[in-house]
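Q: Sequence:
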Amino acid sequence: MIDPQQRTSTEAGRTPVPAWSSRVCCFTPGTIVATPAGERPVEDLKAGDAIVTRDHGIQKIRWHGRKDVSSALVAKAPQLQPVRIGAGALGNGLPERDMVVSPNHRMLLVGRQADPCLQDDEVLVAARHLVSASKGIGRLRAGGVSYIHFMCDKHEIVRADGVWTESFQPSDEAIKGLGSAQRTEIFEIFPNLRTSTGRAAYVAARKSPRASEVAVLH
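Residue numbers (this note's numbering): 1 to 218.
The hints are simulated quantities; they were obtained by calculation from the structure and are not laboratory data.
In this text, all values refer to a predicted model and were calculated from it rather than measured experimentally.
Do not take every clue at face value.
Stated by the list, open to error - Keeping only pairs whose Cα atoms sit at most 25 Å apart, straight-line, the calculated BS3-like set for lysine-lysine is:
#, residue 1, residue 2
1, K60, K135
2, K135, K176
3, K60, K207
4, K176, K76
5, K76, K60
6, K135, K46
7, K46, K154
8, K76, K154
9, K154, K135
10, K154, K60
Unchecked claim - So the derived label-pair ranges between C-beta atoms look like this:
#, residue 1, residue 2, range
11, N92, T184, 16 to 26 Å
12, K46, F187, 34 to 44 Å
13, G30, G57, 34 to 44 Å
14, S180, A77, 28 to 38 Å
15, T197, G93, 19 to 29 Å
16, D55, K76, 36 to 46 Å
17, R139, D44, 35 to 45 Å
18, R97, T195, 32 to 42 Å
19, T197, R141, 18 to 28 Å
20, R141, P41, 15 to 25 Å
21, E96, T195, 31 to 41 Å
22, R210, P78, 31 to 41 Å
Glycine residues also receive a C-beta, built at the ideal position from the N, C-alpha and C atoms.
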């Protein structure tokens, strides 16, 4: 029996994925996530599993989803191409290995990496905004791709491939980027997210600079 308070799901590649699904922030298979029991591949995690967060210690995954995107669809919608962040590209040897994420997946930049214009020591920056700003970060011209995301009670900063990054945040744009089945699952777990007001209350763990500000980050 599926616990209605937590869910793991998969949407097959044969399901049409509209171009605006690139709004969703996702990992890809092979990304290694820190958990209390050690590091685990993101594709092996499931709802109910515990992970390590930067702000709130050990937290449980409430929802885990996956979307398999065909090579044909990626060819038609290049905005779905993932971003490869090379090992060490973010400084201090991070990430610890090559990391592949969706274009809108955000990475935590800390200290001198962060945007002084925002007057914050830590900011979340979308991978696509780092493509022209960092050596070793670029679009990956691959065939099909699987995008995996997981969600907690709050938007969390989680550790993956040795670097801090984000869990899924159900913003208006991100919710639109999900398939209808996955939206339904999330709304069953978090009924308040059915409304824009409820989604606005699920606040981001950190601020994010505008694209025009990213040039000063590196």
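Q: With reference to the structure, classify each hint as holding or not holding.
A: Verification of the supplied hints:
no. : hint                    : result
1   : K60 - K135              : violated (34 Å)
2   : K135 - K176             : violated (32 Å)
3   : K60 - K207              : holds (23 Å)
4   : K176 - K76              : holds (20 Å)
5   : K76 - K60               : violated (36 Å)
6   : K135 - K46              : violated (34 Å)
7   : K46 - K154              : holds (17 Å)
8   : K76 - K154              : violated (34 Å)
9   : K154 - K135             : violated (32 Å)
10  : K154 - K60              : holds (10 Å)
11  : N92 - T184: 16 to 26 Å  : violated (41 Å)
12  : K46 - F187: 34 to 44 Å  : violated (19 Å)
13  : G30 - G57: 34 to 44 Å   : violated (26 Å)
14  : S180 - A77: 28 to 38 Å  : violated (18 Å)
15  : T197 - G93: 19 to 29 Å  : violated (42 Å)
16  : D55 - K76: 36 to 46 Å   : holds (39 Å)
17  : R139 - D44: 35 to 45 Å  : violated (27 Å)
18  : R97 - T195: 32 to 42 Å  : holds (40 Å)
19  : T197 - R141: 18 to 28 Å : violated (40 Å)
20  : R141 - P41: 15 to 25 Å  : holds (23 Å)
21  : E96 - T195: 31 to 41 Å  : holds (40 Å)
22  : R210 - P78: 31 to 41 Å  : violated (23 Å)
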